[in-house]
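Q: Residue numbers (numbering that gives the first Met the number 0), protein chains in the order written: chain S, 0 to 281; chain E, 0 to 322.
It is possible that some hints are incorrect.
Cβ pair distances, simulated, as ranges [what the hints assert, rightly or not]:
hint, chain 1, residue 1, chain 2, residue 2, range
1, E, Thr151, S, Leu34, 15 to 21 angstroms
2, E, Lys230, S, Val263, 29 to 35 angstroms
3, E, Lys230, S, Pro47, 35 to 41 angstroms
4, E, Leu152, S, Val13, 23 to 29 angstroms
5, S, Lys171, E, Lys230, 27 to 33 angstroms
No wet-lab data here; the hints were simulated from the structure.
Yeah, the Cβ is synthetic: ideal placement off N, Cα and C, and Gly gets one too.
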Amino acid sequence: MNAMVGETYVRRLVIFYIPLFMFVFVMLFPFAWMLITSIKPDAELYNPRISPFIVREPTLEHWESLFGTTLFIRWAINTLWVAIASTAVSLFAGVLAGYALSRLVFRGSTLFGIMIFVTYLVPPTLLFIPLTGVVTWMGLQDTTWSLIFTYPTFLVPFCTWLLMGYFQTIPKELEECARIDGATRLQAMSRIVIPLAVPGILSAGIFAFTLSWNEFLYALVFIHSPENKTIPVGVTSELIKGDVFFWGALMAGALFGSVPVAVVYSFFVEHYVSGMTGAVKG
Amino acid sequence: MTTPQPVNAPSLWARFATSLEDQRVLGYVLMAPALLLIVIFIAYPFVLGVWMSLTDKIVGTPGTYIGLGNYERLFASDIFLTAAWNTVFFTTVATVFKAVLGMWLAVLLNRRFRFANITRASVLLPFIVPTVLSTLAWLWMFDATFSVFNWTLRWMWQMEISILGLVLKENWGFFRGPLWLGDPDLAMASVILVNVWRGLPFFAISFLAGLQTIPPDLYDAADIDGASGWKKFWHVTLPLIKPVAIVVIVFSIVVTFADFQLVYILTRGGPNNETHLLATLAYQLGMGSGNIGQGAAVALFMLPILAVVIIFQLWYLRREGVR
Numbered sequence: 000m001n002a003m004v005g006e007t008y009v010r011r012l013v014i015f016y017i018p019l020f021m022f023v024f025v026m027l028f029p030f031a032w033m034l035i036t037s038i039k040p041d042a043e044l045y046n047p048r049i050s051p052f053i054v055r056e057p058t059l060e061h062w063e064s065l066f067g068t069t070l071f072i073r074w075a076i077n078t079l080w081v082a083i084a085s086t087a088v089s090l091f092a093g094v095l096a097g098y099a100l101s102r103l104v105f106r107g108s109t110l111f112g113i114m115i116f117v118t119y120l121v122p123p124t125l126l127f128i129p130l131t132g133v134v135t136w137m138g139l140q141d142t143t144w145s146l147i148f149t150y151p152t153f154l155v156p157f158c159t160w161l162l163m164g165y166f167q168t169i170p171k172e173l174e175e176c177a178r179i180d181g182a183t184r185l186q187a188m189s190r191i192v193i194p195l196a197v198p199g200i201l202s203a204g205i206f207a208f209t210l211s212w213n214e215f216l217y218a219l220v221f222i223h224s225p226e227n228k229t230i231p232v233g234v235t236s237e238l239i240k241g242d243v244f245f246w247g248a249l250m251a252g253a254l255f256g257s258v259p260v261a262v263v264y265s266f267f268v269e270h271y272v273s274g275m276t277g278a279v280k281g
Numbered sequence: 000m001t002t003p004q005p006v007n008a009p010s011l012w013a014r015f016a017t018s019l020e021d022q023r024v025l026g027y028v029l030m031a032p033a034l035l036l037i038v039i040f041i042a043y044p045f046v047l048g049v050w051m052s053l054t055d056k057i058v059g060t061p062g063t064y065i066g067l068g069n070y071e072r073l074f075a076s077d078i079f080l081t082a083a084w085n086t087v088f089f090t091t092v093a094t095v096f097k098a099v100l101g102m103w104l105a106v107l108l109n110r111r112f113r114f115a116n117i118t119r120a121s122v123l124l125p126f127i128v129p130t131v132l133s134t135l136a137w138l139w140m141f142d143a144t145f146s147v148f149n150w151t152l153r154w155m156w157q158m159e160i161s162i163l164g165l166v167l168k169e170n171w172g173f174f175r176g177p178l179w180l181g182d183p184d185l186a187m188a189s190v191i192l193v194n195v196w197r198g199l200p201f202f203a204i205s206f207l208a209g210l211q212t213i214p215p216d217l218y219d220a221a222d223i224d225g226a227s228g229w230k231k232f233w234h235v236t237l238p239l240i241k242p243v244a245i246v247v248i249v250f251s252i253v254v255t256f257a258d259f260q261l262v263y264i265l266t267r268g269g270p271n272n273e274t275h276l277l278a279t280l281a282y283q284l285g286m287g288s289g290n291i292g293q294g295a296a297v298a299l300f301m302l303p304i305l306a307v308v309i310i311f312q313l314w315y316l317r318r319e320g321v322r
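Let the hints inform the model, and build the full structure from the sequences given.
A: The structure is reproduced here in structure tokens:
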């Protein structure tokens with residue numbers, strides 16, 4: 000930071016502003032492109048001779064066709080429901096397991112800790128084929144329940160891992176005081192430790208919510224009926240018919256499928272970032 | 000104790016409530032929901048997957064045990080060998096780019112400037128938005144006929160011609176620009192580009208969190224010693240950020256190695272099955288052609304590499320923890 004004092008303006012421009020601007024431009028360009036494409040009439044979209052950067056006659060026809068003629072609203076409701084329910088299940092299991100692993104001494108706790116860590120690093124792509132068998136066997140295929148029960152496979156290890164770290168930052172003495180005053184272990188946990196861990200739980204929850212909103216593979220494999228799909232799968236499978244791409248509607252779908260997570264994220268940036276970096280550092 | 004006391008069995012409830020005071024009991028009770036989910040939806044599918052890979056199961060049939068037949072057939076298949084090589088290549092190249100560019104971006108973001116917070120927040124967008132949806136935008140940008148990149152290339156080319164005073168001005172149709180997803184090498188490069196675009200913010204923001212823990216007086220000390228900016232980066236920043244960097248890189252290797260969505264959306268493994276990764280090949284065999292045994296076998300090939308990475312990570316975390 001002190002280095003900036005002696006810097007000339009030109010030098011700052013070259014080593015700082017220009018590279019930073021390039022990074023930001025590249026990171027955000029695809030989103031601008033979604034917006035531009037979604038408000039351009041087909042006549043302009045599919046004319047390679049005119050500049051694609053200029054929208055001459057903006058139109059909302061693609062937005063209308065997305066909301067009016069496709070099941071997009073239905074997919075949005077499904078996605079929201081799955082994301083909230085699987086996050087709730089994962090937080091419940093993750094808070095309890097995280098508390099047990101960070102606070103209680105019991106046989107096998109180290110082993111459980113390693114197990115949670117290992118499952119945290121098991122990618123969904125490794126298990127989706129046999130998991131399809133399990134989902135079918137439980138009669139959950141083609142329902143949103145199949146996602147609510149399987150998303151916790153990657154959310155629970157993550158939540159547990161994150162919350163273990165968080166619980167360790169809460170002084171043990173607080174609990175011990177409560178127990179001296181006659182509280183049971185469960186009461187000490189639910190009334191002292193969990194309220195103090197709310198920021199950590201919120202971080203885990205926000206991160207888990209965005210992960211389930213974005214999940215693709217399980218939703219692609221388990222769900223077949225158009226009305227049960229989530230946004231990522233619905234947009235990619237129902238808006239592309241064979242080789243025909245309705246780019247206007249597709250980009251409108253991509254835009255409106257991204258906006259909800261972006262809004263949630265913008266309200267909780269700090270929590271999201273601490274969830275993300277905390278999950279990595281453990 | 001506020002637990003509701005059933006009239007018929009007070010002693011049982013009371014006994015349960017007291018036993019929860021014993022941490023050996025409470026520990027298992029609290030672990031139960033997480034363990035149940037892990038056993039049913041991870042451990043059991045894993046065993047099932049290993050079994051499936053040893054059978055000739057096709058969708059709708061139980062399948063019979065054929066030993067290592069699937070694995071033998073895979074090693075004899077060019078498509079599989081290409082996919083395995085692609086996965087290693089894709090992971091290595093993408094991770095190197097993400098780490099280097101991510102570090103650069105983190106260093107930039109770590110400076111004090113106006114709108115720093117909103118810049119940091121907006122740079123993370125590619126990472127939080129649904130990957131398939133942003134990848135669709137890239138698919139459109141790589142379009143064979145309407146690619147915005149090719150339009151820009153054509154435009155620049157035409158500008159050059161008019162500056163040089165040539166007469167070709169109106170006839171720019173014959174320069175079409177590259178077919179981004181039509182050529183195997185270019186398609187792989189495009190997939191890597193999108194992966195770097197998506198994963199770079201994660202590296203940058205994690206590295207930034209690491210940079211912010213470095214005490215500023217270390218840089219002051221380096222300043223007094225007359226160190227240049229580059230030297231400070233090599234000798235102060237890099238050694239101190241190494242622990243964070245290693246964990247982030249290892250984590251990213253796992254995710255990149257198992258990537259499915261980018262190839263599924265951008266190329267579907269094409270052209271000519273040349274851009275498949277293990278995950279997309281497993282999907283094509285297991286779900287597309289219903290050849291479940293082979294699909295499961297392909298997916299399990301991710302395991303050895305993942306195991307090495309996980310063991311390294313555990314060892315590293317433990318070593319850091321001891322210090």
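Q: Between lysine 230 (chain E) and proline 47 (chain S), does the beta-carbon spacing fit 35 to 41 angstroms?
A: Once the Cβ atoms are compared, 50 angstroms apart, the range 35 to 41 angstroms for proline 47 (chain S) and lysine 230 (chain E) is violated.
Q: Could you check the hint for me, namely that leucine 152 (chain E) and valine 13 (chain S) are 23 to 29 angstroms apart, CB to CB?
A: Taking Cβ atoms as reference, leucine 152 (chain E) and valine 13 (chain S) lie about 25 angstroms apart, which means the hint holds.
Q: Is it true that lysine 171 (chain S) and lysine 230 (chain E) lie within 27 to 33 angstroms of each other by Cβ?
A: With Cβ atoms ~44 angstroms apart, the hint is violated.
Q: Assuming the hint says 29 to 35 angstroms, is it satisfied by the Cβ distance from lysine 230 (chain E) to valine 263 (chain S) or not?
A: 42 angstroms, violated
Q: If you check the beta carbons of threonine 151 (chain E) and leucine 34 (chain S), does the distance land in 15 to 21 angstroms?
A: 18 angstroms, holds
In the structure shown, a violation is registered for the earlier hints numbered 2, 3, 5, in ascending order.
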